[in-house]
Amino acid sequence: MGSTFFSNIIKLISRYGHVFLLEGVVYTLLLSLIAVAGGSVLGSLFALAKRSKFIPLRAVVSAIVEIVRGTPMLLQLYAGVFIFPQIVPALKELPDIVSVIIVLIINSGAYVSEVIRSGIQAVDIGQTEAARSLGLSARTTMMSVVLPQAVKNILPALGNEFITVIKETSLASTFYVGELMTSYLKVKGNTFLTLETLTIVGVLYFVLTFTLSKLLQAAERKMKHA
Amino acid sequence: MKKLYAMILVLSMVLGLAACGQAGPDAAYNKYLSEIKKGATTSNGTLTVALSPDFAPMEFYDAAKKGDDAIVGFDVLLANYLAKELGMKLVLSPMSFDACQAAVQSGKVDIAISGFSWTAERAENYEITDWYEAGDNETQQSIIVRKEDEGKFTKPEDFAGMKIAYQGSSLQQQLVTETFGKMADVDINNVYSEIPVAVEALKTGKVDAVAVAHGNGEAIIKSAPDAVAFSGYDFHVDPIYENNVCLIQKGNTALLEKVNTALAKAKEAGLYAGWYESCQIYSEIKTLDELGYDDNGNKITQ
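Listed in order, the protein sequences are those of chains A and B.
Everything in the first sequence is counted per numbering that gives the first Met the number 0, starting at 0 for the first residue and increasing by one.
Everything in the second sequence is counted per numbering that gives the first Met the number 0, starting at 0 for the first residue and increasing by one.
To be clear, the hints were calculated from the coordinates, so they are not data collected in a lab.
Owing to the predicted nature of the structure, the values given are computational and were not obtained by experimental measurement.
A few of these clues could be false.
To be verified - Looking from chain A toward chain B, a few residues come up when the C-beta cut is under 8 angstroms (computed):
id	residue
1	Y77
2	V80
3	I82
4	Q85
5	K91
6	D95
7	T173
8	K185
9	K187
10	L194
To be verified - EDC-like, lysine to aspartate or glutamate: derived pairs with alpha carbons at most 16 angstroms apart:
id	chain 1	residue 1	chain 2	residue 2
11	B	K65	A	E22
12	B	K162	B	D148
13	B	K64	A	E22
14	A	K151	A	E128
15	B	K181	B	D157
16	B	K64	B	D25
Just so it is clear, CB atoms sit at the ideal spot from N, CA and C, and this is done for glycine as well.
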């Protein structure tokens, strides 16, 4: 530690700044954005499927959600890149980064479906009862009464999911997809300055997640008044 | 707002500085690479190669280059050579060291070229090519220690009371276990997923020594000459471990034969020594001067 530590950090930033910023930060944000956007769509579908009256569909989706939530993300990435292509040969042609993105979306989808489920459940049952007794159909009750209220519960939790995903993308560095942790691997491999590189990457992760959580807080405040 | 502008200014200056490097240490490497690529054809499809580019000088990143070109090192030269001999287009697939083996096993890539050594377990589960020789990187297996312990060690018993670290599923793990496993006063339960992290543990005093391939050790010491040094002790290495091999999916003997033919040709032509020197220069372990190259990366022959 001491002065060499900081001079090393400056040296690393001046030499590898573009690796951290232009590659690492950009890829981390892109991956998380795609994962959360795709995950929200997939998660909504999962949540709908889980409320379906068609039992096989409900069972399959519940199984997927439970498996995804019950196994480590790193293992899911290995499965996506190595194991599934053996079962479905067409997947072999996919670049690793595409396999990684698919896994991220499915993973995020599983968590988002739970967020949506709890958001819907948090709407007081009296709302449904009142709507139904006023003669609204089940569908109209869901679309016009329950969901608009559920969204308010869901959005903040979705923001948290985004922040979680930003950190989880670091596991994708096992396949050198280019996000921040890959930048760490690249730079550390050249310089053997592990702690310095980790410090830089850590600060960048924090800047990303902190900025995002502040933006989300502002958005939440606005929503409260809406 | 002013502060923001100042920060952007500083940032752009830093990035600008990064962009204008001086005449690089990659001159000799580029010479060898373009020599290999000369007249390469790609009529026989693609050769996908898994490698873990965190292991200078065998494979590492050049942050100044883009895409596949950014992955450089001895094994990259070898991969290019094999692709040319096989008439195939080379596709590099970087991933962690553990993932490399999974990639070959699952058939996701054709071959893993990432400084692998022969071990009995690997031979059971993979087709293993004939060996290739990257300078003294593998023939000499060493132990590095903190600077104050430099050169104090000559035999295994000298490490009594010390904690020795190594990378998991590596040749060094095997060597440490064989050499120190029976000595009760040496702590060998210090497995790390990556060598640089083990080196960090050495610097901070969590462990007292790290087993490394000699060439890799040179690169580590070059990066922190005030903190770490060679211990003076080298492992006794069975000749079967002395060189590197490539891994191919079990049963793919057709590719194995072709690769072995190409490896024999490279060995016959004596290509390995020059390649390794250029990578030592590239990773700044040695200078052009020290290894007898001129400033343009040409070997000076007497």
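In ascending order, which of the hints set out earlier in this document are inconsistent with the structure?
14
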